[in-house]
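Q: We have chain A; now place chain B onto it with these hints.
2 protein chains.
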Amino acid sequence: MSLEGFFQPESVALVGASRRKGKVGHEILRSLIEGGFEGPIWPVNPKAKEIEGLACHPDLKSIGRAPGLVVVAVPPQAAAAVVRECGRVGARGAIVVSSGFREMGEEGRRLEEDLARAAREAKVRIIGPNCLGVMVPARKLNAAFGGPLPAPGSIGYFSQSGSLLAAIADMGREKGIGFSKLVSIGNKADVDELDILRALAADEATGVIAGYLETIAEGDAFIREAERISHDKPILLMKAGHTEAGAEAASSHTGRLAGSRRAYEAVFARAGIVRCESITAQFDAARALAAQPVPSGTAVAVIANAGGPGIMAVDAAERHGLQLAQFEEATVRRLSESLPPAANVRNPIDVLGDALTDRFELALTAALADANVDSALVLLTPHAMTEADGTAEAVVRVARSVDAKPVLASFIGAGRVARASGVLRDGGVPCYDSPEAAVGALKAMVDYGRWRGRPKRVVKLFPVNRRKVEKIIGRCVRGDRCELGEMEAKEVLEAYGFVTPKGLVATSAEQAAEFAEQIGYPVVLKIWSPDIVHKADVGGVRTGLTGRTEVMDAFDLMMYRVPRKRPDANILGALVQEMCKGGTEVILGMNRDPRYGPLLMFGMGGVMVEVLKDVAFYLAPITGEEAREMLTQTRTWKVLQGEGAGEGVDVDAVAEGLQRLSQLVTEFPQIQEMDINPFVVGPEGATPVAVDARIVIERGAG
Amino acid sequence: MSLEGFFQPESVALVGASRRKGKVGHEILRSLIEGGFEGPIWPVNPKAKEIEGLACHPDLKSIGRAPGLVVVAVPPQAAAAVVRECGRVGARGAIVVSSGFREMGEEGRRLEEDLARAAREAKVRIIGPNCLGVMVPARKLNAAFGGPLPAPGSIGYFSQSGSLLAAIADMGREKGIGFSKLVSIGNKADVDELDILRALAADEATGVIAGYLETIAEGDAFIREAERISHDKPILLMKAGHTEAGAEAASSHTGRLAGSRRAYEAVFARAGIVRCESITAQFDAARALAAQPVPSGTAVAVIANAGGPGIMAVDAAERHGLQLAQFEEATVRRLSESLPPAANVRNPIDVLGDALTDRFELALTAALADANVDSALVLLTPHAMTEADGTAEAVVRVARSVDAKPVLASFIGAGRVARASGVLRDGGVPCYDSPEAAVGALKAMVDYGRWRGRPKRVVKLFPVNRRKVEKIIGRCVRGDRCELGEMEAKEVLEAYGFVTPKGLVATSAEQAAEFAEQIGYPVVLKIWSPDIVHKADVGGVRTGLTGRTEVMDAFDLMMYRVPRKRPDANILGALVQEMCKGGTEVILGMNRDPRYGPLLMFGMGGVMVEVLKDVAFYLAPITGEEAREMLTQTRTWKVLQGEGAGEGVDVDAVAEGLQRLSQLVTEFPQIQEMDINPFVVGPEGATPVAVDARIVIERGAG
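Chains as they are written, first to last, in my numbering: chain A, 1 to 702; chain B, 1 to 702.
One or more hints might be untrue.
Here are the computed distance ranges between Cβ atoms for each label pair [unchecked claim]:
| hint | chain 1 | residue 1 | chain 2 | residue 2 | range |
| --- | --- | --- | --- | --- | --- |
| 1 | A | 422 | B | 21 | 23 to 29 angstroms |
| 2 | B | 508 | A | 465 | 54 to 60 angstroms |
| 3 | B | 231 | A | 422 | 42 to 48 angstroms |
| 4 | B | 699 | A | 642 | 28 to 34 angstroms |
Note that these hints are calculated values from the structure, not bench results.
On a predicted model such as this, the values are computed, not experimentally measured, just so you know.
Cβ atoms here follow ideal geometry from the backbone N, Cα and C, with glycine treated the same way.
Chain A on its own, in the form it takes in the complex (with noise of 0.2 angstroms):
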């Protein structure tokens, strides 16, 4: 069955309901009876003939029609018997409220075990165990224990953790903010995160889908299903208990970086997945985008009527990356003309202390029609003159008369703005505490709208020699090496389009010197061996070497002084190597994360690449837009340009190299992590040049 049976049934059995208060079979029947379900609910125990009032059936059998939704409150050892009972009579759905499950060690992991497979056999869906229950709030439908409904309205909300879902419901009863579907998920032994976000995206009930979530099981699946889901419905996730461990084992630059909060900020951005850090944001951020259209710039007006708050809103926005508009001529006449010569008629707008409701409207009707303005922030704090309830009808007024620009108010003040706050909200527009926290929200509705306008995703093909790569890697499984060699790293590069350093490698002094001066000083001379990865460790790299003199000792003295170091290396002599002149270094990377596929990395180059810590990640495959937009996220972006260091480089050569890189990862899975590092890129027009790449190949792949 599809999910909808959990959300409009026409009866509800309760299977453990309880006359005792305070057990869940209990809570749960009173939850049904009060929220006004208007089915019939049929508690079942047979120890009992009648609850609250209802009468009890001994088991599911007895009440002779099958329940369109079975809610099971029975101790976990009887859960999967109840579940497979739901079979026989043709129930389809059923929500296990039941705990003593996985979250109680091995005993309770083997029940849940069982309960899962009942009900595949019995082909019942489950929600749960060790779950809160469902609320429908349009449907006075409260199958659950998290006390009374709260509105119906469009926020579809979804939680691993039940009583984090009980707190979002009492926080919308307490400010009034509806939702459309309250999901508790459990232990997830059956319906998981990714079936509720179909379910709320299929929903025409939901408009804004949130959720908290502490796993994310078929990562890949739901990301491919959030980003489709995204165009129409925002998506808010929170995701808590993030952990850095693991990335340790790591052996490239890529795979260390790639901890599992950036692992999600990159996958969540992909998929246009807001990523919220608290339950308040989140519930700041539902409320502006289940009232308010989506801003499609990132420029926003002010309206105040005192100075303090709107300073502080203006630093919240720098501090959140968004822009303060610059009003057009037109606008700032408009409003030089109507308010009086004390107001500031530049963004932030202050209308004064003593305005009325009138100034109010006029500022926020001049903003809005202003072509540079992409949204308008009203912040009123009450002076003795102040109509706050009057300036909220007004503002509730002016937003609505305006298309694709969304309206958010901070009315400062608890008690003394109640009311008004009030009158927002049922108007549509949120009203919140704080100038910062209604900027917070803005921020959100801005990076969901960037997003969403953001051109259609076209991934460029290049032309490669695909086939090359598959016998260098197909070489390196049977070998059973789970690393390229430095020469295979560079020949897979070189086949999907990189340019790397002309080098030889050299048996003897004499040949060594040779090479160089084909290659042409300077050169660099490294170690050449398939057993030793940290060639300058062992005194294996020497660099900035410009005479033939100079090579020979160098190239003599590694073979005496490597073996020594490194008595079981097998030595195959030493590469000589163009040395690049110039350049800024940059580092590609990519690591395979378990859950999610290739995330790229770009980065500030060199050995400094980890304590710097200067990267942006990206899912793979990556377009050309996404591929610049990493480069902007840096702080290295600037030197990319010419800050710092000197002149710029070639940012479209940077870009164009992400891309193959994507491309590469993304034709052979068997890579697991890769780093090219140093990228050394020069001015426009010059071709930048791999110069060192590290590849691991999964074990075992072919």
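A: Chain B in isolation, oriented as in the chain A frame:
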């Protein structure tokens, strides 16, 4: 008079009392009456006999006694005359709430100057003009138009924005948080933030000082006072209206990086001021510090009855740099013995969804008894059987039984925990809407505690050659130059114990080669001209010269090329300098902030400093501990410790460099900006070298 008269007057006169509702002169009268002020209230208005049941006086004189406090609510043109009248009748303090002064342009500025002069001449202290007034809840004094009085309490709040003060009072009323004083300081024509700070420091009823400021007039005095006061009472400031403008004009890296937000951060850190990013965050922190002891460390214990909120708190703690306490084995044992097997007995403690009061009480008691725990957070979400009220009482009980370890709570779930939140608040345990808010408040407490517990500040004084620096700077000032030459800058550094690279100025190619041989290859060649500051830009720097011919060629090329780029420059030759090999490049710098004084800077050196912005600031003079703390605040710290690039460096030598720089800029206030960049540091025991320096002197100093 001291400001006490404003806070506990015997009587209040209101000049400009008005019968018309909505007028400030009416609103304040009603505030005074409704606040329940117990002394006489004298409305003054020549046109009325009686207002709100009180007899009206035509002027101050006709009252026949000197009012303890005069509130002035007359048109701006009349305010100065009223203040003069105050002086004549013996009143010593007036609050001028009238607006229409400096905030209204030139004419208003003149009126404000008149007002200030009148106050000085009449020896009357005035608060305002353009302010909201003053509230003293414990005295039932509401001499303001910001709504009813909040409860008495220990938070003293002052604000440069009147409407913000009204909002704070409102938030206090709504959340039941008490205040000692609320002061709107308005345009600060006489009484300013420094006066108020001192008054609140001296006020026994005030335990926590909080304020909102847009400008700080006498920055250095304010900071000195704040530093003194912070030892006894925490100061929480929200500083709005930051701007990075002006920094562009600076000629040093340090000057350009020391934007005003950075300056405030550094200065606030030195004075122990807790910087708040929003009024909500400030309010949260003030509540915590007013009610609970300051923690002595960063280790927090989290106790929750659900996984989600616990994880959220842990995430927030990690973001804020707090540590999750590692329980002692005895604590873990104690918890294991008493809690159900499914409970998590490691931090964060999960007492499970069916926990009654006893489990919370037990867990909190055990956690606070643990020597590894500095503070505790109790997170409750209401489940069916949760005893929110009883748990709140238990939390209060346990919190009271422990010294010096703060306990904060977040009972999540709005209406369903409203009573319990009240129990907590009344019992002195602040309760927050979300775990993140509670963690934010705790972070402010920890920062303050760390500052207060820091070792006594001992600024080390090195033996230096002060006389020599005086001579060099004197010569520069007499020559009306604003920047020291390279050689002079190095002499200054050497006089203060820095080592600079060997170098000699050559006037011919032959001499350059001779000097190079004396110094030892490789050498650096730099054009030598008092007129050329950015040498590299005109081709005036060549590094890595390794032989006689190379040096001679470089010299002659410079002499040929540089004059063509800078025909105006007086070229005296070229500096032949020892080249520093290896080592790590950092920057030490100073920018003299016009309000606060010399801001020291430390960061990653080289050309990238302004791009990476990996720098830390602190106000000179600095102690050894503070110098080391500056280092640890940057990502460069990891480099110094040997991450990334290889071996670590002599950290103490870097800290000593900062302290020597601190001494130099403290002893020579004529130095406006300076960079030592790069300051090359080597492994332990190696002497760091100040390779290049730029010192900017105040023109006309002396």
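Q: None of the hints should be skipped; say for each whether it holds.
A: Now for the hints, and whether the structure bears them out:
1. Roughly 24 angstroms separates the CB atoms of residue 422 of chain A and residue 21 of chain B, a value that falls within the hinted 23 to 29 angstroms.
2. A beta carbon spacing of about 59 angstroms between residue 508 of chain B and residue 465 of chain A agrees with the range 54 to 60 angstroms that was offered as a hint.
3. Look at residue 231 of chain B against residue 422 of chain A: about 46 angstroms separates their beta carbons, and that is inside 42 to 48 angstroms.
4. A hinted range of 28 to 34 angstroms holds for the C-beta pair residue 699 of chain B and residue 642 of chain A, which are about 32 angstroms apart.
The earlier numbered hints are all upheld by this structure, with none contradicted.
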